[in-house]
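Following the hints, put chain B in place on chain A, whose structure we already have.
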Amino acid sequence: SAVISQKPSRDICQRGTSLTIQCQVDSQVTMMFWYRQQPGQSLTLIATANQGSEATYESGFVIDKFPISRPNLTFSTLTVSNMSPEDSSIYLCSVELGKTQYFGPGTRLLVL
Amino acid sequence: GIQVEQSPPDLILQEGANSTLRCNFSDSVNNLQWFHQNPWGQLINLFYIPSGTKQNGRLSATTVATERYSLLYISSSQTTDSGVYFCAVGTNTPLVFGKGTRLSVIA
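Chains as they are written, first to last, in the working numbering: chain A, 1 to 112; chain B, 1001 to 1107.
By construction, these hints were calculated from the structure, which means they are not laboratory data. Treat each hint with caution, since some may be false.
[To be verified] Partial pick of chain B residues on the chain A-facing surface, computed with a CB cut under 10 angstroms:
hint : residue
1    : Phe1035
2    : Pro1039
3    : Trp1040
4    : Tyr1073
5    : Thr1091
6    : Val1096
Every residue, glycine too, gets a C-beta built ideally from N, C-alpha and C.
Next comes chain B alone, as it looks inside the complex:
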């Protein structure tokens, strides 16, 4: 099956800093989504991005499908950005999740 690797596994940022999270996947996919799981456990969909670049406020994501990776950019981080960020991929199948990047933003 498809393998999904996320890096870094853990990240600590000072409030206001920028960060880049990476997702590598082992096979061609037609579905890639980024999620944020807040400290209370709720999963929020951030982006559906099988290719190209999207932006939503301080967050943006880029997927280079031909090279099998995706990047999530967080700018001017806030304490509310803390939590776990998951990348999930699939090809006409249910999504396979990576292990996530745990982000802690400190004031």
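Bound-form chain A, shown alone:
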């Protein structure tokens, strides 16, 4: 299994600002995934981050709004840029080990 930590666990931010979320995994993994879960909703994939290459973004998500870094096989960051209240969500980091997907505890973001 994988143990995933995220920082911060929660934050309250003002509109127009940016927040960087960190994800640390206790195993080396090829792909890391970033998901968004809006209040009361399911999970939506933002992007897939491979070490050493540009992240692959899903439809509706762009690099300027959600830049991602993947400097090594155990760490990734997601930045939520120029935030608006619509960005208020839980942001989840995830990895696949073997054929099982594991999730971090999430970052709860409230934008005022």
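Chain B only, in chain A's frame:
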């Protein structure tokens, strides 16, 4: 893209009751997983089950890939089973999640 439908959307059970959650998907997949999101938001992987049947304690799951559905069985439910159960599917791609079944188990 693949569509994932889960039913029922909401379920209320008395402690000790049994339940069956269903996941239908629109296309062939080689990856299907069930997750439980507890009331504090943590997602726990329950099963990797692209086909066949698996059991883990009071939980079991069956996937009939040829008919594009999967079932999650919860027996002798406990209050700690409360939360949202998600089915997620994929084919050599990141998983696509259903909307979930919200389960409330009352004592």
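The hints, checked one at a time:
1. Phe1035: 8 angstroms, holds
2. Pro1039: 13 angstroms, violated
3. Trp1040: 8 angstroms, holds
4. Tyr1073: B/Tyr1073 check fails; min Cβ-Cβ to chain A is 20 angstroms, beyond 10 angstroms.
5. Thr1091: 13 angstroms, violated
6. Val1096: 8 angstroms, holds
In this structure, the hints that do not hold are numbers 2, 4, 5, in rising order.
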